[in-house]
Amino acid sequence: MAEEAKKLIQFKNIVKSFEDGTVVLKGVSLDIYENEFVTLLGPSGCGKTTLLRILGGFLQPTEGKVLFDGEDILSVPPYKREINTVFQKYALFPHMNVYDNIAFGLTIKKEPKDVIEQKVMRMLRLVNLEGYGKRNVTELSGGQQQRIAIARALVNEPSVLLLDEPLGALDLKLRKEMQHELKSIQQEVGITFIFVTHDQEEALTMSDKIVVINAGEIQQIGTPTEIYRRPVNEFVANFIGETNIIEGVMLDDDLVMFEDKKFPCKARGFEKNEKVDIVIRPEHLDIVPRGEGMLKGVVKSQLFKGMHYDTVVETRAGTSITVKMQVSQDKPVFNAEAGEKISASGFILDVADAASLSDAKVIALASAEAWIAETEENVSIKTVDYDIKPETGEYSVTFATAAGTSITVRALVVKENRVESTVYQEEIYAMNFFKKVEDIQESIALDTDLKMWATASAWSLEDENEQVEITDVKYDFDPETITPGVYDVTFATAGYEYKVSTTRAAEEGSEVGLVFRPEDIHVMKKGGHK
Amino acid sequence: MKQFRSMTYPYVAWITVMIVVPMLLIVLYAFTQSGNDVLTFRFTFDNFVRFVTDKIFRAVLWRSLYIAFFTTLICVLLGYPIAYAIAHLSEHGETVMILLITMPTWVNMLVRTYAWLGILKDDGVLNAFLGLFGIGPVTMLHTSFAVILGMVYNFIPFMILQIHTSLNKMDKNLLNAAADLGANNVQSFLRVTLPLSLPGVVSGITLVFLPAVSSFFIPKLLGGGQYVLVGNVIESQFLTSGDWNFGSAISMIMAVIIMLSMYFTRKIDVSVASGGKE
Chain A
16 MAEEAKKLIQ FKNIVKSFED GTVVLKGVSL DIYENEFVTL LGPSGCGKTT
66 LLRILGGFLQ PTEGKVLFDG EDILSVPPYK REINTVFQKY ALFPHMNVYD
116 NIAFGLTIKK EPKDVIEQKV MRMLRLVNLE GYGKRNVTEL SGGQQQRIAI
166 ARALVNEPSV LLLDEPLGAL DLKLRKEMQH ELKSIQQEVG ITFIFVTHDQ
216 EEALTMSDKI VVINAGEIQQ IGTPTEIYRR PVNEFVANFI GETNIIEGVM
266 LDDDLVMFED KKFPCKARGF EKNEKVDIVI RPEHLDIVPR GEGMLKGVVK
316 SQLFKGMHYD TVVETRAGTS ITVKMQVSQD KPVFNAEAGE KISASGFILD
366 VADAASLSDA KVIALASAEA WIAETEENVS IKTVDYDIKP ETGEYSVTFA
416 TAAGTSITVR ALVVKENRVE STVYQEEIYA MNFFKKVEDI QESIALDTDL
466 KMWATASAWS LEDENEQVEI TDVKYDFDPE TITPGVYDVT FATAGYEYKV
516 STTRAAEEGS EVGLVFRPED IHVMKKGGHK
Chain B
503 MKQFRSMTYP YVAWITVMIV VPMLLIVLYA FTQSGNDVLT FRFTFDNFVR
553 FVTDKIFRAV LWRSLYIAFF TTLICVLLGY PIAYAIAHLS EHGETVMILL
603 ITMPTWVNML VRTYAWLGIL KDDGVLNAFL GLFGIGPVTM LHTSFAVILG
653 MVYNFIPFMI LQIHTSLNKM DKNLLNAAAD LGANNVQSFL RVTLPLSLPG
703 VVSGITLVFL PAVSSFFIPK LLGGGQYVLV GNVIESQFLT SGDWNFGSAI
753 SMIMAVIIML SMYFTRKIDV SVASGGKE
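Here the protein sequences come in this chain order: A and B.
Numbering (this note's numbering) for the first sequence: 16 to 545.
Numbering (this note's numbering) for the second sequence: 503 to 780.
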């Protein structure tokens, strides 16, 4: 990619919107040089395939220009473009054998038979499928079909080859093999390859240049090392490889603060006290004894990966809240005289709710019901006797039927229970609750049920509508053998966690230190773009 | 799969009683003289000799094949463009068109053929219409035109549906690939679409040719007495002359012709599917 490389393809402010109003490309400008291996990388639906199809001539952009060798090619039909495509599922002609598939483009151009034969044979050799000419394409394996598709495109000697997720249908091992093969084919034929993929590893392995696209916009253009080492924003950092992104403040040139500590780094050009995002790759972190660490934390999990361990270290716990769970085993009261049974359970309510109570509401809260013992026919509850005030405290509530069958339960009025965390700018809320033994024993997803029973939720302090996930539910009882009593249940959000890729084994739950080098701290502007 | 084998026994029994035994009876009748009692058979080739040597019957056979051939040819020539056009409609349009094409088949074939009588006869709808322009009346009923028209009308839906299915099954990316490799629309059609839809055409041909060659009530109604086809001869042997042996022999000859034609169309089908090699 030296100075003499010339611009082969220029996308100028390409906009593509579809009839239903979705805008797939929002003004994409991109230069592609001769003999480059360019990868368009992005999640599915980001617009990368659309861009490729515009270049291939199968789609027209809504706005913008595509220059090929300096000339506008938008009005040129696909069959007249010096571009060939390897399609997602190869699109080999099933009614032709391997030879005829590869020869298709040449026969259309009416090249002489002997020339065609020479060229096809050369292509078969290039893709390592000599002697396969007479085979039926439908009998070939995925990898072989893939190579035929490449040969079929390359035989026309295009100046650009477009590859639309060509390795997507192959298994992992074959995919790796084909990555190497594609790269060596590109080097051998010496033309521009434009490769579309959502697989970041594929992009890093093969490309001279990676174009990261998201939501119809180019995020970053650069060599694989640039993209990996110096991502411009959170999206790129997250999309390319595993990463840790931490919020921090730039104190001065080469000095950054995060987790309330100052660290030297290699970053300039930021304003003093500018808020930034810090990127540290997992392989740039290492685990050391706690005392020697630049950051201290607890090992949350460790997975063995063969060459290394994927370790997660939590340096700071998330926001947590603990509530009381009252477990009861309420038996219905039996009134032999009237042949009726009545049942109700204790309940807990907020001060705010205690101010506006009605008989119906109290019956619902206590799930009170009465029935005739023999027939199980429901009997209505005639009187509800309570004196609940909007103040914290314990009150008793009595339910009775017309026949005088009655039951008394406890009601607790409590203050709203929330915990605020300024570090994480979030708030967590949960309530004490009553539950029956069998409800706990019968629960199939206890963590989820506990969250629901306690109406636990957490949200961002900056935006109350932004929910924060409660990742931890802790309790110290065995749900199988639980007995009536009072239990603590703790709900917590995720804290500061670091992914560490290390060869050092560490016990789960052990306290460790983390170290990293100044040059491995990459600083990004907040909400950075381009 | 072995444990399922016993489940096929009832079907095997059914097929034996309903298909194999009657076929064997036809073979038996074809090779014997009339007037057999149940236990003694007098074997003979007379029935076949009679069919082959009798000029009239040979003419009937030729006429049947000829009419069936033209019916099929017209069905292909008319049906392919229709199927192609339908396959290129929007999804909604496609559903409506397929519905419109299949709808007439919900009405009994006999009734639909009778309707053509009213249209084609000398004082029928069509001649009345032509009369407005001072043409006619043109005799249309009881001509080979009427017979072929009736057959095309009745059998063309099968052709259209078969071709449409094979066109629809085709991966649309193949056309993109052809365009990418330099083929214009005509070249794409001739080299990709057409060969890939041939299996549909072949099964369409089978579905049209077979009923056309053995049809007996369309020639009877629309051809009057003039257009006696093999189907009519067989019918009259069984129902009018009571010569079951001769009728069976003609049936067998037809069966062999049909089997041969199916064998050859299958062959085309296979060679198309396997890329023209073999």
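Please keep in mind that the hints were generated in silico from the structure rather than gathered at the bench.
Careful, some of the hints might be misleading.
[To be verified] Straight-line C-alpha distance at most 30 Å; calculated DSBU-like pairs for lysine-lysine:
{"hint": "1", "chain 1": "A", "residue 1": "Lys315", "chain 2": "A", "residue 2": "Lys346"}
{"hint": "2", "chain 1": "A", "residue 1": "Lys149", "chain 2": "B", "residue 2": "Lys557"}
{"hint": "3", "chain 1": "A", "residue 1": "Lys104", "chain 2": "A", "residue 2": "Lys80"}
{"hint": "4", "chain 1": "B", "residue 1": "Lys671", "chain 2": "A", "residue 2": "Lys80"}
{"hint": "5", "chain 1": "A", "residue 1": "Lys95", "chain 2": "B", "residue 2": "Lys671"}
{"hint": "6", "chain 1": "B", "residue 1": "Lys769", "chain 2": "A", "residue 2": "Lys149"}
[Claimed, not checked] Some, not all, of what chain B presents toward chain A, calculated at C-beta under 7 Å:
{"hint": "7", "residue": "Ala587"}
{"hint": "8", "residue": "Ala589"}
{"hint": "9", "residue": "Asn610"}
{"hint": "10", "residue": "Asn675"}
{"hint": "11", "residue": "Leu676"}
{"hint": "12", "residue": "Ala681"}
{"hint": "13", "residue": "Ala685"}
{"hint": "14", "residue": "Val688"}
{"hint": "15", "residue": "Gln689"}
{"hint": "16", "residue": "Thr695"}
{"hint": "17", "residue": "Pro697"}
[Stated by the list, open to error] Label-pair restraints from in silico Cβ distances:
{"hint": "18", "chain 1": "B", "residue 1": "Ile521", "chain 2": "A", "residue 2": "Gly183", "range": "44 to 50 Å"}
{"hint": "19", "chain 1": "A", "residue 1": "Glu484", "chain 2": "B", "residue 2": "Met605", "range": "44 to 50 Å"}
{"hint": "20", "chain 1": "A", "residue 1": "Lys80", "chain 2": "B", "residue 2": "Asn686", "range": "21 to 27 Å"}
{"hint": "21", "chain 1": "A", "residue 1": "Gln482", "chain 2": "B", "residue 2": "Met605", "range": "52 to 58 Å"}
{"hint": "22", "chain 1": "B", "residue 1": "Ile521", "chain 2": "A", "residue 2": "Gly60", "range": "26 to 32 Å"}
All of these numbers come straight from a predicted model, not from anything done at the bench.
Idealized CB from N, CA, C, for every residue including glycine.
Original post:
Which of the numbered hints are not met once you compare them with the structure shown?
Top reply: 1, 2, 4, 7, 8, 9, 14, 16, 19, 22
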